[in-house]
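Enquirer: Spelled out, the chains give:
Number of protein chains: 4
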Amino acid sequence: MNKMGIPDKHRAAFLVNFKSALEMGYTETPVPKGDQVLIRVKGAGICHSDVHVWEGIWYKGGSPRKLPHIQSHEISGTVVSTGESVPERLKPGDHVLVYPWQWLEDDRYTAAGLTNVPDRPVVPGINIDGGFQEYFLVSHYRYLIDATGIEDLPALAPLSCGGLTTYRAVKKLDGKLQPDDYVAVVGLGGLGSYALQYLRLLFPQVNIIGADIREDSIEFADGICKMDGYINSSSENVNKIIMETTKGHGFRGVIDLVGKGTLSTYSRALSKEGIYVMVGLMGTAVQESLSPFFTVSMEKTITGSYVGTLSEQYEVVELARKGLINYRKPVSARMRIEDASSGIQNLEDGRALGRQVVVF
Amino acid sequence: MNKMGIPDKHRAAFLVNFKSALEMGYTETPVPKGDQVLIRVKGAGICHSDVHVWEGIWYKGGSPRKLPHIQSHEISGTVVSTGESVPERLKPGDHVLVYPWQWLEDDRYTAAGLTNVPDRPVVPGINIDGGFQEYFLVSHYRYLIDATGIEDLPALAPLSCGGLTTYRAVKKLDGKLQPDDYVAVVGLGGLGSYALQYLRLLFPQVNIIGADIREDSIEFADGICKMDGYINSSSENVNKIIMETTKGHGFRGVIDLVGKGTLSTYSRALSKEGIYVMVGLMGTAVQESLSPFFTVSMEKTITGSYVGTLSEQYEVVELARKGLINYRKPVSARMRIEDASSGIQNLEDGRALGRQVVVF
Amino acid sequence: MNKMGIPDKHRAAFLVNFKSALEMGYTETPVPKGDQVLIRVKGAGICHSDVHVWEGIWYKGGSPRKLPHIQSHEISGTVVSTGESVPERLKPGDHVLVYPWQWLEDDRYTAAGLTNVPDRPVVPGINIDGGFQEYFLVSHYRYLIDATGIEDLPALAPLSCGGLTTYRAVKKLDGKLQPDDYVAVVGLGGLGSYALQYLRLLFPQVNIIGADIREDSIEFADGICKMDGYINSSSENVNKIIMETTKGHGFRGVIDLVGKGTLSTYSRALSKEGIYVMVGLMGTAVQESLSPFFTVSMEKTITGSYVGTLSEQYEVVELARKGLINYRKPVSARMRIEDASSGIQNLEDGRALGRQVVVF
Amino acid sequence: MNKMGIPDKHRAAFLVNFKSALEMGYTETPVPKGDQVLIRVKGAGICHSDVHVWEGIWYKGGSPRKLPHIQSHEISGTVVSTGESVPERLKPGDHVLVYPWQWLEDDRYTAAGLTNVPDRPVVPGINIDGGFQEYFLVSHYRYLIDATGIEDLPALAPLSCGGLTTYRAVKKLDGKLQPDDYVAVVGLGGLGSYALQYLRLLFPQVNIIGADIREDSIEFADGICKMDGYINSSSENVNKIIMETTKGHGFRGVIDLVGKGTLSTYSRALSKEGIYVMVGLMGTAVQESLSPFFTVSMEKTITGSYVGTLSEQYEVVELARKGLINYRKPVSARMRIEDASSGIQNLEDGRALGRQVVVF
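Protein chains in written order, with the working numbering: chain R, 93 to 452; chain Y, 93 to 452; chain F, 93 to 452; chain B, 93 to 452.
Keep in mind that a hint or two might mislead.
Copies of the same chain are indistinguishable here, so a pair counts whether it falls within one copy or spans any two.
What the hints assert, rightly or not - In silico EDC-like pairs for lysine to aspartate or glutamate, Cα to Cα no more than 16 Å straight-line:
no., residue 1, residue 2
1, K125, E180
2, K152, D244
3, K111, E147
4, K414, D272
5, K183, E328
Worth flagging that the hints you see were computed from the coordinates, not collected in a lab.
For clarity, every value in this text was computed on a predicted model and none was experimentally measured.
For reference, chain R alone in the conformation it holds in the complex (with noise of 0.2 Å):
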């Protein structure tokens, strides 16, 4: 340990074989140079696509680049050491949300204040090492977003993914609402639950209908955000539901947070000038059928939304300071570092209701 109390070694839970436990172990704490800085981890979530690297699917794709490799994406935690170049506003102590979704290079897409969607990404956590640990090395001061005022930090971890890729989807349909149109969020849990939040926020005047095909995860969403109304996707004259549900009118907007044999149904129940927001993206290629004619004759638009920008990261981070997100409700479960694995395990079996979190 140096003189400022911060161990030259600390641990870290590592993915060393595909598939098999998360092994805890020790490696070294880094000294920040430059515009880095250092941060004790205090909340360090679990996403869908930790499951997907633990399992070795994107291994080929350089997710992650090499074993033993440290998992999680979603930080939070508190500023121990900055490097040289990094402002003075940045002091120890302060508490800060990483935001993940990091560049290797400045870009036109950068340079754009798109920064989602950057020619040469790096994630923590999924190509690189990330927050299964107890101290990480942020590679430029310009990802920490101030989090003064958030009581609960550990729970403020999920909006660096799960809670800013909502937000980014939802901002889709940003002047595209009347008064009175409904807008389904197809996918409840976790996800779900944050876009109905931003909806609610966002889109006071709408009506908003929540999809998805378990029981529990609709009433898990409607205790955190209250809908005027849902659907069970599983049932047989689904088409029908819809059109009772909607009183007709069909969806203007969709949030589909699934995106696996949910396009077809969902994209068929747009009404005129209606916007179908695609985020959910696992799976395996689906063959999803779209009608030309109806595309075409009701201008339906289906648009892709990938994560979020930096700049929407710190409009969610003061929503949720402002206390006009709950961001502590998603957060169904937390778990020492030690249970990370039953953590991601729990993801695969569906055990999940809402966002897991392991806490320091």
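Following the hints, complete the assembly by docking chains Y, F and B onto the known chain R.
Expert: Just chains Y, F and B now, with coordinates in the frame of chain R:
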């Protein structure tokens, strides 16, 4: 013939039996009342929709409402007489284009300027009698666009459908393109030759690539608006050719005027933040494949564009008047009303390169 | 009285001499033709414009066109009978609000949905006869907004001017605000109490500051929609107070409902990328000072906002119907038609806190 | 001179005493570290701001921070050597333009792509040493725009200020213009000749009118980009001339590059829904008159536009590369670094028609 030289009856081409040659006959010349305007038809264009009306495949849906029926929704002409509520600025002899995307009832869409998607549309030539006749009664003066200064009035007619639809579609790319981006027009010929011109005019900074399966269509369009490159979609390795033509960038924008078997190929070739505008709505419902992974992670958008608004109709005519687009060259054939049937037949048989117009 | 119980003549308040009390009398009840609709007036609001019409200072400009004149452009009521071209969905007994920003001729602005700035406007109550009468003939059914579900129909009347103008103004901030920004409403009272509600509803993430020179107006507005702070504009060091109230940030948005001596003070307080929406147009032309240096280097925007579009009128009524705004509380006084003169006088003398409505 | 042929010291023009001729001397050639890049300067433009820096009137505000100072913020050149964190794609010999609107600290504005208004700006040539020297150290590779394919590298330099500022200003009209609208460029000469070109390129459908008080400026600009008309602002009845030139329409857009005594005249000439972009920020604070009545009832907008973003800088260079704008003709004089003082003096005395560039 009355005292103003307007005949009591005038000639028209009637659709009496589906899939049979139109029959020439006479119909009464109405007297305009209230907001109505009677015009002497000068040009009446033939559109792909006319083939479907003629075949009767839309009859159940109310297109046309009854037989016998007078076809053609692309109508230009001169004002003959006006109802008592028509503003004085409209005078006999005025040159006008008829906006065909009309409505039975003012509603929220028409109030907002989205006149292309009214709740109760009615289209002359499609639902009710249209332009294959010497005189045509326009139900409201608001549908008339002043065509003063347009030298070739008959050739203006297709600007109300072919030249309008492509304008709206191209404008959907507004604000999405960077200099040096690649944009594709899929489907050349009549519509394509308008689309190319709008792209060149509104986005001079991008590279414009045409695509078709027929070499003569490619030549026809290129003769009207020089392209930066073209692709024969029937090539075996079309994906490879697309990447070569776009130097590996793919398309930031696609204007798809075909809509049949093209979505899979060309949406795959969309670049990050790319936008795909579907215009072609004909053909049987095709199962096309959309990759959720790339749609989401590259934030691709697929959007339908349907005809155009009344406001866009004004813009299109002004572009023609200022000589910023060539509205004459896309017209590849002119014919007498007696030959309207042959025109429809040409289109059905794929023998028409550009737009065909019946002239009076 | 005819067989439907509609009297041949009905009571009205006439402006016979400018600046003199309105005179009660009778006028003929018209029979609606074509697109026209006759309504039984239930509420007729009094607006600041009515003071100017009453004073005769706009007479030369055609407001009103002639004397005697029936004032009031904020009109709600029930449908009595309809012309032969009116859609069947409109039925006797239907509750409606009248959109007063009407036009004599359809043109490019109305085609585009910019119905608030037509080339040939005509406003009942201002240019032609308005709502201070028992029956009112609406010139076209398109100006009627369905008010089904609105319990207090008379209180709805001001939503067609005061409650519409503020809605459009607030919407001009759309896409410009970040969480934790400060937005000012300058001028409380009637209009201010609508503006505050729209801000809270559409931008829950920002801090809303009210400003007025009267403490009772501040109290009145705060009672309808709780503010995050307020400023008495008559304070000596108002610039200093603004900076204290906004913690040094200044305003990202200002809704100026006064427009007289306020532009210099509050545009100086705009933050970077700030937007200043001018709504108040009354008062003599004031020489206000604009700093080119700060307007440019901070990219400030000053924009006028005029009444609202027909499309926005639909939205406003739906917000009231869904209970998302309180349309009743801004109405501070209700009176009989015989007392309409006193209402106008109250406004002129600055004795009206909120909106006043003549009820039938 | 080191082994790479880079001299230890190089020549520079120093501002030693305000309002006195620059003094030639030597300064050390730095070695780039981290993200830094050393370039060999090829062009260093002279801008109006340089006159103010030279006069010392901005000294208190930190422009420049200290004396002696090296002026010029419009810099083009070739890469000499790079710091260890600079991406490999940047290589010695590469042609580049330097984006001068730099910042000391990444913040919310830079994160959102609004790099033109950072919280802590720092501009080479204005605040710190700039381009009047043979070698220039760029603080971060992100500020370098690839200029491959640009034949006349020195003439590119002014595109980083004059040619960027006008581009952003013109783009503020995007989506606001209709075919046949009139747009004015107020202030011709260097900036004006860029603005005219961008207008013609981006809005070919509108009529472009130039305005200046000098006939030779009008001629100079017209020689670079043919206008549809022009106005000598010093004419006695300028208001009448404006209305004649615009056939009574007024301007839908104004790009005001002067900002001194022009706002009253040209904002009065704005048409309905018109937008006035203020770019010129020089001169003493002028009391200009804005009519609240017309600003509101015609929904006019006045907005400031400040330099340009990094993203827009990329766009501008690509337009030059594709030959869509002529970047050479606005450069009216080239001079040796020994004559930089005369260039500044020319500008102060109003003797420069276009942009002046120091070439190496």
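Enquirer: Now look at each hint and say whether the structure bears it out.
Expert: Here's how the hints hold up against the structure:
1. K125 <-> E180: within (14 Å within a copy, 21 Å between copies)
2. K152 <-> D244: neither (37 Å within a copy, 45 Å between copies)
3. K111 <-> E147: So K111 and E147 pass the 16 Å test inside one copy only (5 Å; across, 60 Å).
4. K414 <-> D272: between (27 Å within a copy, 8 Å between copies)
5. K183 <-> E328: Neither: 57 Å inside a copy, 39 Å across copies.
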